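Letter by letter, the chains look like this.
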Amino acid sequence: MDLLNINKLCTIAEDDHDKKILQGLDLVIKPGEIHVIMGPNGSGKSTLANTIFASPRYIVTGGSIKLCGEDITNLSTDQIAKKGVFMSFQTPEEIPGISLAQFLKTTKHSITGEKPNLYKFTTEVEKTMTELNMKYEYVNREFNVGFSGGEKKKNEILQMLLLNPKLAILDETDSGLDVDAIKIVSRGINMYKNDDNAVLIITHNTKILENLKVDRVHVLVDGKIVKSGDSSLAREIEDNGYSKYIK
Amino acid sequence: MQKTDINKYVDNEVRNIYDEAVINTTLDKKFGLTREIIEELSKEKEEPSWVLDIRLKALEQFYKMEDPDWGPDISYLNIDNIATYVKPVDNEVRRWEDVPEDIRSVFDKLGIPESEKKALAGSGAQFDSEIVYHNLTEDLKKQGVIYTSFDEGIRKYPELVKKYFTKAVPIYDHKYIALHYALFSGGSFVYIPKGAKLDRPLQSYFRLNAPGAGQFEHTLIIVDEGAELQFIEGCSAPGYNELNLHAGCVELFVEKNAYLRFSTIENWSKNMLNLNTKKCYVSEGGKIEWIMGSFGSKVSMLYPLSVLNGEGAKCDFLNISFAGKGQNLDTGIKVIHNAPRTSTVVNAKSISKDGGICTFRSNVHVKKKAKKAKLALSCESLMLDSISRSDTIPVNTIESDDVVFSHEAKIGKISEQAIYYLMTRGMSEEEAKSLIVRGFAEPIAKAFPVEYAVEMNRLIDLELEGTIG
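Residue numbers (this note's numbering), protein chains in the order written: chain Y, 34 to 280; chain A, 721 to 1189.
Quick caveat, the hints were computed from the structure, so don't treat them as lab data. Predicted, not measured: the structure shown is a model, and the values here were computed from it. You may find that some hints are simply not true.
As the list claims (entries may be wrong) - Distance condition first, Cα-Cα at most 20 Å in a straight line; then the derived EDC-like pairs of lysine to aspartate or glutamate:
id: 1; chain 1: Y; residue 1: Lys116; chain 2: A; residue 2: Glu1150
id: 2; chain 1: Y; residue 1: Lys148; chain 2: A; residue 2: Asp1074
id: 3; chain 1: A; residue 1: Lys1133; chain 2: Y; residue 2: Glu127
id: 4; chain 1: Y; residue 1: Lys138; chain 2: A; residue 2: Asp1181
id: 5; chain 1: A; residue 1: Lys1130; chain 2: Y; residue 2: Glu126
id: 6; chain 1: Y; residue 1: Lys138; chain 2: A; residue 2: Asp919
id: 7; chain 1: Y; residue 1: Lys138; chain 2: A; residue 2: Glu1150
id: 8; chain 1: A; residue 1: Lys1130; chain 2: Y; residue 2: Asp59
id: 9; chain 1: Y; residue 1: Lys148; chain 2: A; residue 2: Glu1150
id: 10; chain 1: Y; residue 1: Lys115; chain 2: A; residue 2: Glu1150
id: 11; chain 1: A; residue 1: Lys1166; chain 2: Y; residue 2: Glu175
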């Protein structure tokens, strides 16, 4: 069965109903696969990620999104998260007054529906943070407050590993990161990846793909996928840009 | 608010007794509050004549003075209901079942034990505050600490009370403090002798909620030289009161090098007009810390004043207000810097939702002799929707030219993007808002003892419950 099946998805912007963004987008991801979406600015990459998550900023006007055969198009954001979808944000939010530890416990509780075993969970958090080169003392700091850009992105990967979703969407997780941080992010993806789950990476550059086994690369232009191929397509785009695909 | 709404909470029986009183005495019908009623009240309390003199002088002031011409509208206040209160309530035995449903359900959600609920609701005579406090008193007696009801304070320690009573808050301060001095009843009297340091906070948890004692309670606290005290008044459960007016008064004296932390969690029922007056005099090297959480009442007007009277005296002020539908919480702080090297730190936060209004006023006066005074004020407001309102109104009078002063105000709406982010982490919209609000309140919540902080978080959840869809 397809892990993700998007069929003829169309969206408009919530604040401007005349603005069509996704215009009949199709995408199928099978368990165990890593897919990459590339495309020029404004082509609808982030909209796709946020539409999967039922962001209030977009309205679905047609088509459907299925996760493991179940239609999730009309579910609320939190319900979709509970079904096993995760997204790493381009600009993760700061939550003043809430510690990282408290945040992680709360989200784990929300996703699984049960309170995590404190000792087991703490051990897991510490181990995962070490693997991501994060200082464990950060658990006592306010969530993302005063974190550098790199630390915020690592924090997203940390949550992905702790929540262990079926589908992880990484929305430009690599942007603004230095070479070492990008390596850590790819390491995190490889730690997470198995035969049953899948990753959808939205990116502008191929650095993050170097250490990953990418199955499919898609080019998104004007709200539609205009070209799909294997990992060599990413390299071709890096060399030649998108001009060939823009009408 | 309509008069009928106010009367909704007034026990029928009480009103009947009042009607009889109207017939039996020569009441001034225009105000419903007379010299005779005050005299009777004082007589029942077996007060010395100097106390009655204060009451009568205050009554005279009350009639002379006008309502404030600024702040929330309180013109609907029905003085007749105050007269209703004065006498008959003493004989009332109220049943738990008579407590309005909304208040009962809040008690239930807060997880307050049945017996305490009854005491809080103003019934259950066995939970009389004197009994509750007896044990505490035993423990502290050795140190010479006095902690008693204000009425008993007058009886047992007249000299001490006389020395300080009305000295921080004079009877002519404003119209409703005059009313307070005419009718005061209940409250606490605390004296901490020189050098005594209390290792745990004193709490007036029950006293404010005992029947009839909540409306005009007078609290007088003296922390003598080098002594330390933490005092917590009120509770996070809503007070159930027959009257719609609360005009309490708090007088605090922090002597040389003494320390007082005065914390309040206030969650009056939502029909309450809360016109509380609090003042503190701080001597050389002393420190007052105000910690306030305001959740309840329909209208609050509350601006604690600190007078920093001695060199190096300090004032720390932490406040959080949460105004929901129909609530207008007008709070703030007043500080007078009257000596060199005095300092003030203010950290005020407010949350408003469903059209609630939060206003924070700061009135700072740095006198000429307050050389090298330091003041840092910060106000932050969070609005949960676009129909709610938040204002910050600073008034600063600085006569000294050697002062470090900063004022920072931040007003913002709750971030939709942050709510969405948390929802992608599996939290419902309600849970997401609650987490953000808790985080916002955290700097103040952590200043309370843990059980109060927990209740404060529960209150935030309760306030947010059912606000979605």
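Hint by hint, here is what the structure shows:
Taking the CA atoms of Lys116 of chain Y and Glu1150 of chain A, the gap is about 19 Å. The hint holds against a cut of 20 Å. For the hint linking Lys148 of chain Y to Asp1074 of chain A, the alpha-carbon distance of about 32 Å lies beyond 20 Å, and the restraint is violated. Proposed proximity of Lys1133 of chain A and Glu127 of chain Y is supported: the alpha carbons are some 15 Å apart, at most 20 Å. A hinted pair counts as satisfied when its Cα atoms are at most 20 Å apart, and Lys138 of chain Y with Asp1181 of chain A qualifies at roughly 18 Å.
With a C-alpha separation of about 18 Å, the suggested pairing of Lys1130 of chain A with Glu126 of chain Y holds against the 20 Å cut-off. Annotation: proposed proximity of Lys138 of chain Y to Asp919 of chain A is violated, straight-line Cα distance about 33 Å (limit 20 Å). Distance restraint check for Lys138 of chain Y and Glu1150 of chain A: the Cα-Cα separation of roughly 17 Å lies within the 20 Å cut-off, and the hinted pair is therefore satisfied. With a C-alpha separation of about 45 Å, the suggested pair Lys1130 of chain A and Asp59 of chain Y falls outside the 20 Å cut-off, and the hint is violated.
Of the pairs offered as hints, the one joining Lys148 of chain Y and Glu1150 of chain A holds, with about 18 Å between alpha carbons and a cut-off of 20 Å not exceeded. Of the supplied pair hints, the one linking Lys115 of chain Y and Glu1150 of chain A holds, its CA atoms being roughly 16 Å apart against a limit of 20 Å. For a cut-off of 20 Å, the pair hint linking Lys1166 of chain A to Glu175 of chain Y stands: about 14 Å separates their Cα positions.
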